[in-house]
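Going down the list, the sequences are from chains A and B. Its first residue numbered 1, the first sequence is counted upward by one per residue in this note's numbering. Its first residue numbered 1001, the second sequence is counted upward by one per residue in this note's numbering.
FYI, nobody ran anything at the bench for these hints, they're computed from the structure. Since the structure is predicted, the reported quantities are computational estimates derived from the model, not experimental observations. Just to be clear, a hint being listed does not mean it is correct.
[Stated by the list, open to error] When the alpha-carbon atoms are kept at most 16 Å apart in a straight line, the in silico EDC-like pairs for lysine to aspartate or glutamate are as follows:
1) Lys519(A) x Asp557(A)
2) Lys736(A) x Asp783(A)
3) Lys1051(B) x Asp575(A)
4) Lys574(A) x Asp1052(B)
5) Lys70(A) x Asp507(A)
6) Lys1051(B) x Glu1085(B)
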Amino acid sequence: MTKIPASKDPALLQGRRPRLVVIGNGMAGMRTVEELLTRAPGKYDITVFGAEPRVNYNRIMLSPLLSGEKNFDDIVINGQDWYEENGITLQSGDPVVDIDRANKTVTAESGLAVSYDRLLLATGSMPIVIPIAGKDLPGVVTFRDVDDVDVMLKAAESGGRAVVIGGGLLGLEAAVGLQARGMKVTVLHLAGHVMERQLDASAGYLLQQELGRRGIEVITEADTREITGDEHVTGVWLKDGRHLDASLVVMAVGIRPNGWLADRAGLSVERGIVVDDFMTTSDPAVKAVGECVQHRGQCYGLVAPLFEMAKSCADHLAELESDGYPGSVTSTKLKVTGVDVFSAGDFSGGDEVEEIVFRDAGRGIYKRIVLEEGRIKGAVLYGDTADGAWYFQMLKDATDVGELRDTLAFGQAFAGGSVGNPRDAVAALPDDAEICGCNGICKGTIVAAINEQGLSSLDDVRAHTKASASCGSCSGLVENLLAVTLGGEFEADAAKPICPCTDHDHDTVRRLIKAQGLKSMAAVMQALEWKTADGCHSCRPALNYYLLAAWPGDYVDHGASRFINERVHANIQKDGTYSVVPRMWGGLTNPKELRALADVADKFDIPTMKVTGGQRIDLLGVKKEDLPAVWADLNAAGMVSGHAYGKSLRTVKTCVGQEWCRFGTQMSMSMGVELEQMTWGSWMPHKFKMAVSGCPRNCAEATIKDFGVIATEGGWDLHVGGNGGMHVRATELLCKVKTREEVKEYCCAFIQLYREEARYLERTAPWIERVGLKHVQERVVDDADNRAALYVRFLKSQETSQRDPWAERVKESVDAHEFSFLQAAE
Amino acid sequence: MTELLNWVDLGPVDNIPLQGARTYQTETDRIAVFRTVDGEVFALVDRCPHKDGPLAQGIVHGHFVTCPLHNMVFSLETGEAQGAEDGCARKVESRIVDGKVRIGLTSSQMGAINAG
Chain A
1 MTKIPASKDP ALLQGRRPRL VVIGNGMAGM RTVEELLTRA PGKYDITVFG
51 AEPRVNYNRI MLSPLLSGEK NFDDIVINGQ DWYEENGITL QSGDPVVDID
101 RANKTVTAES GLAVSYDRLL LATGSMPIVI PIAGKDLPGV VTFRDVDDVD
151 VMLKAAESGG RAVVIGGGLL GLEAAVGLQA RGMKVTVLHL AGHVMERQLD
201 ASAGYLLQQE LGRRGIEVIT EADTREITGD EHVTGVWLKD GRHLDASLVV
251 MAVGIRPNGW LADRAGLSVE RGIVVDDFMT TSDPAVKAVG ECVQHRGQCY
301 GLVAPLFEMA KSCADHLAEL ESDGYPGSVT STKLKVTGVD VFSAGDFSGG
351 DEVEEIVFRD AGRGIYKRIV LEEGRIKGAV LYGDTADGAW YFQMLKDATD
401 VGELRDTLAF GQAFAGGSVG NPRDAVAALP DDAEICGCNG ICKGTIVAAI
451 NEQGLSSLDD VRAHTKASAS CGSCSGLVEN LLAVTLGGEF EADAAKPICP
501 CTDHDHDTVR RLIKAQGLKS MAAVMQALEW KTADGCHSCR PALNYYLLAA
551 WPGDYVDHGA SRFINERVHA NIQKDGTYSV VPRMWGGLTN PKELRALADV
601 ADKFDIPTMK VTGGQRIDLL GVKKEDLPAV WADLNAAGMV SGHAYGKSLR
651 TVKTCVGQEW CRFGTQMSMS MGVELEQMTW GSWMPHKFKM AVSGCPRNCA
701 EATIKDFGVI ATEGGWDLHV GGNGGMHVRA TELLCKVKTR EEVKEYCCAF
751 IQLYREEARY LERTAPWIER VGLKHVQERV VDDADNRAAL YVRFLKSQET
801 SQRDPWAERV KESVDAHEFS FLQAAE
Chain B
1001 MTELLNWVDL GPVDNIPLQG ARTYQTETDR IAVFRTVDGE VFALVDRCPH
1051 KDGPLAQGIV HGHFVTCPLH NMVFSLETGE AQGAEDGCAR KVESRIVDGK
1101 VRIGLTSSQM GAINAG
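For reference, chain B alone in the conformation it holds in the complex (with noise of 0.2 Å):
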């Protein structure tokens, strides 16, 4: 099942820094927005299954993210856990149109604002 998707504009890629994050504030959720080395941008909610730590903190490597406060990292295209440790993070959609970056969240994302 697909659900409809809101695209959310945040604004210039270049507010992200190369090789860190910054963090978008929906009603329900915190969502961690990454830029890698390479200028791709990623989304997560910021939470790692772990211990709730909040990813946009942690150190962004290739297209992985260290969690700052046990560091396991994430991969930033899955949200799956790497090497020997379980556990997703909640991926959420991202994409670059015009040099601006856009998350899809989904209506339960959005909020009760949004979604009404």
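With the rest of the complex left out, here is chain A (with noise of 0.2 Å):
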């Protein structure tokens, strides 16, 4: 054991505290800074230089960000407040550029120069590029940070084959991301099979014929030539003389240390930046911790030896008393959603060491156990890898397996000899067996914290033990725990599955429609393991909409997934007979049209004519079979569907507002009308109404509505999740907006989030219950790029699916079974 020599530093002989300068603003500079507050609050003024322009973030989470499983929001380790809150200074995106260590000072590009006492290197790694031809162009990324997703995310957007250059877990990651993104994706590796320093070849070949099946290529020794294009990347070429097109290339072989910062400056550097057990450079008053140090010749590329250093230079940041860092065992699982693969140690075989392997062809599990001398050595696990944490501990501890090694590949239920219960497994594990990876938190850790400070829930128990908050593949143990500790009082906050033929809830579902690719009715069936065979009247309009809102244009409606009056495009009502609703754009009528409807309602022997409480005009009681010749001829009118039936935008209600209202403060009526064209025929969770009042008289009845906008001397206040129906809820103001473009966009943006968040059939009102006013505002509101995304994902949306229904049923015979009646052969 070390003993650290009591401060000589001249900022305390100074009588100031002394100033702490990290560069770098990653997960192992903050983690080590958030180590020292807790050990020493207060003990340094700390300035903090981050390359990009942002907050501290989780970057293992860049994989979810880009299949969409995650938003940044998501990832933001530290906001702006943390930062505040504890008094340090963040320079973001402002790279350092130079240290002056003679001066004990730093200079960043800006020319901004700050003075430390101690300064810690916190550089990262930098993604390598291959050297060859056309490396470049526009078009080739790196897999490293949050502009790189930017990249790629605006490359899925107009489809195209994505070249994955890089078959390891980064390249994989991003593959199946870029997948999930839409795109064609083809990976290449220079290696005989994927992942070849985290799997063997049978591992390796296990994945490959997954991703494969998720319809992802994979080329193996395949060695990059060249990359063509002139002005945008177009292609690959491989040395054996194939080309393959490509719009987006992403490089992603590997990374190298980044230390050329603290080579400039003169310190040791190697592979990486040479520290010792207490993370000091070979000048005492420079540390270094994370991907850019060369420690005990090892240089680490995942997360928890990162957060491992950066406890021990905490501790010597803070002056205790520790043992320094030892080092790390590293293990490694790939984070893609559905795919289970878990690898640790050596596995390399060889002459001195046993082998046991198990697999299960049927089921693709695969299993093999390295031993040497009677210990654990490494381990490969690929599509069940529930015991990989069990096989780790013993690895990590050296564990005599001896006895075990009969029974050793079904794991530790069955060595245990209990059944294969998952909180009996979690409930024979030592205390000090490691449950959460990433951060290293061991179950005493987590079982005493539980204990000690009353935690009740996975979100507790992330925000005091850090356990499970990074890569989060450990949530299903931590669960497991609070339940075999707190008994019947722990209930896992499980939501409610959409129905029995399912386990999932609508939100889950949601996510990994998008995480996994998925494209069709019977592909969600299939992988989300449904227990019926072709669901139910509640999953199945359910999935429809979602396929619909996560591959608009792409995904075909599934018509025998709709209720009637979708299907048939008219309401359904107590006799059997339909409702056939036109749509009269923001209220408004003429002659025409009203003449129309009448000779309508003559030829068909309607019975009833009623105007609706959206202001259109309901033709009632119109026999089924009637319903394709009553649509011609509203068509021929003018007149095109209402959606009075569809889970849709239905009606834009108005006031006649400034054009004729003597107290009118705005055009209302143009307002609605406009609204109601860019609108209609967008689908939706729910129902969907609006309307747009002229002046705060509110006429119109804006503040009972789905989106209500009512006019005011400057401008237009607009109003969000008002409904009638059984629980009456007046909206909230969203903003107010100065012109009528404004009203359009932030309308439009206010629809596609609702699209694209709120669950089936929950209307606008509930949700924003659910997820609060702020919520939307931020996304809305505060944040103009978030808006204008959502505004263009709505209108492309818009492209394919304002289309009239009646027309396609008349003009093109669309569903016409639906009818004619069946008729007896002869």
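Take each chain as given, in its own frame, and dock them per the hints.
Put into structure tokens, the structure is as follows:
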């Protein structure tokens, strides 16, 4: 054990706090600062330089960010307020370019110079770019930060093929993410099987098969010669003469420690910045942690060792006694939903070792455990990784597994003699078993926190122990620990399944449709293990909606999964007849339309005509077989379907506004017409109604609509989340805007957010009550970029959905079978 | 007592959409003919026992149909209401012969003209 000498800091001698400058605002640097703040709050004046213009985020979550399972807010570790609360000065978007060790000063690109007493280098690593022709073309990216993800997302918008160079962990995550975003993906890998550093050939083969099933092509032993293109990448040449077209090329061939700044400052740098067990570099005033360092000859590219380094470094900065960092044994998991891959230790085999191999071809399971002198030396698991933590623990502890040998491959439940209940398995773990690999948190620590601090949910545990707060793959283990520790008091906050056909809730299904690139009803039911042959009347319409929302313009609507009203585009009534409501834009009509309506009513003996609550005219009592003829006559008069039967935009109600009213302050009728013409035909989780009032007297009753617009003297008030119905709810004010163009943009952005986030059959009122108005405002009002993106996505989807379903059935005979009887053969 | 059935040929099975239904009008009843996801064909009188809901307009799932009026679920095999509900829709015999759908109607269902 090394004792820290008493501080001889010049700062202390001068009676001020010593200054700590951190270069690098990533996971390792900020974890060190977090650990330091818990050990010695206020000990240092801290300044952090970050090259990226953002707060500290979770880089290992870039894959879910790419696939759409998470958004940026979900992966922020410490927001702006954290820096402020802890008195940390953050210089983001301003990389340090020079370290002057003699004068103890760092200089950033902007010219800003800051003096330090202690310097912490957390400069991370750089993606390796293979030095081939075309590597600098637009459309060639690495997969390292949020900017890279943005480039990929932008490329994915226009579809096409992506080539990912590198079939390692990162490359495969990029490939799956891009495929989820709708691109055709080919992975080029130099070695004979994917993830060769983590997997042996057998597991690599199984993984490659799985990727193939998901439509991702993998070419192994593929040596890239050149990237082609003039102004933008167009493809890739392989050395064997093959050419692949590509509109995006992702280089994910590896990372190398980023030590150039340290090297320039004259510190000892080999592969990485050389540090001792206390993370001190060759200069005692300078420390280094993370992927940029080389410790006992090792460089690490995984998060768990970085966090262990952070602890050790924080101990030392806080001048606490510690044993120092002994180095890490690492394990790996692939963060791709639905693919379970685990590996740890050395599994290269050889003469000295014994191997236990278990294969279950039917279930796609492969396990290989490498033993040396009765101890686990390495393990590779594919398909069933539940026992990964158990093997890894025994590997780190060098447990003698001689007695377990015969049953080792069957896992802990079998070896321990208990049935395969995950809670029993967790209960059987020793206190020092590691639960969260990323953060190095043991079972005992979590159980103690649950008991002592009265924690009762996964979020509590995350907040107090950091367990499961990084990659999240141990969430299930933590929940089981909660259940074991709290007994009957704990109920996993499992959301309600959609219906008895599945155990999944709406949000999970929605997420997995995107993440796994599921594009048909059958694919969803197969991949998510539906319990019925083809679902039921509850889940099928919901799945149809989620697929439509996930893949607009791509997914083909499944008529047999729609309620009859949406199948025949009219409202079924109690006697089995239908009612027909044509659109009257903004509630306006004219003699020609009224004549057509009167004629249709006469011609087809329509018994009832009624003005609806949304200012349209309803024709009630139409026989199903007459529907196409009724529509044909209405179409001929220029009228289209009013979608009065659909989960879609219903009506835009208006008052007479400034056009006629002596109190009107703005033109509400034309505003209503424009809104309706922009949004008609759009599909929604539930019915959606709008209204526009020309002055605050609000004659159009805009404050009980899903989206209400009220004109004021200086502009427009935009209201959201109102409805009539069983529980009347008045709207809340979303924001005020000035121009008609803004009304339209905000309207579309709001609708799009609702369509992308609400559950099927959830109207805007309960949705907003569930997520909070603030959530909606942050995305639609505060974030102009996001609003613009939502607006564009809405308009894009309207290109394919704004078609009159009546005309399609009249002119193109869509679903003709619906409207005619079966006939007996002669 | 077994009534003698008149087998009516309703044409190729493909005329009925998968997971869907079509109707056949007799003199007295409307018959709903369903085709399930596994390709089987079933027939019921097109009226639910609850409020006369037109079953052919419902969503077909497994060997069940959900009534479009009030979401009661009926077995296509027996016509029985599922779950806690009571009631039974009238079953009509059906079979597929050479790719064609046939339903078996009683003389009274055939109506006055054919029954004569």
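To test your reading of the hints: which numbers does this structure violate? none
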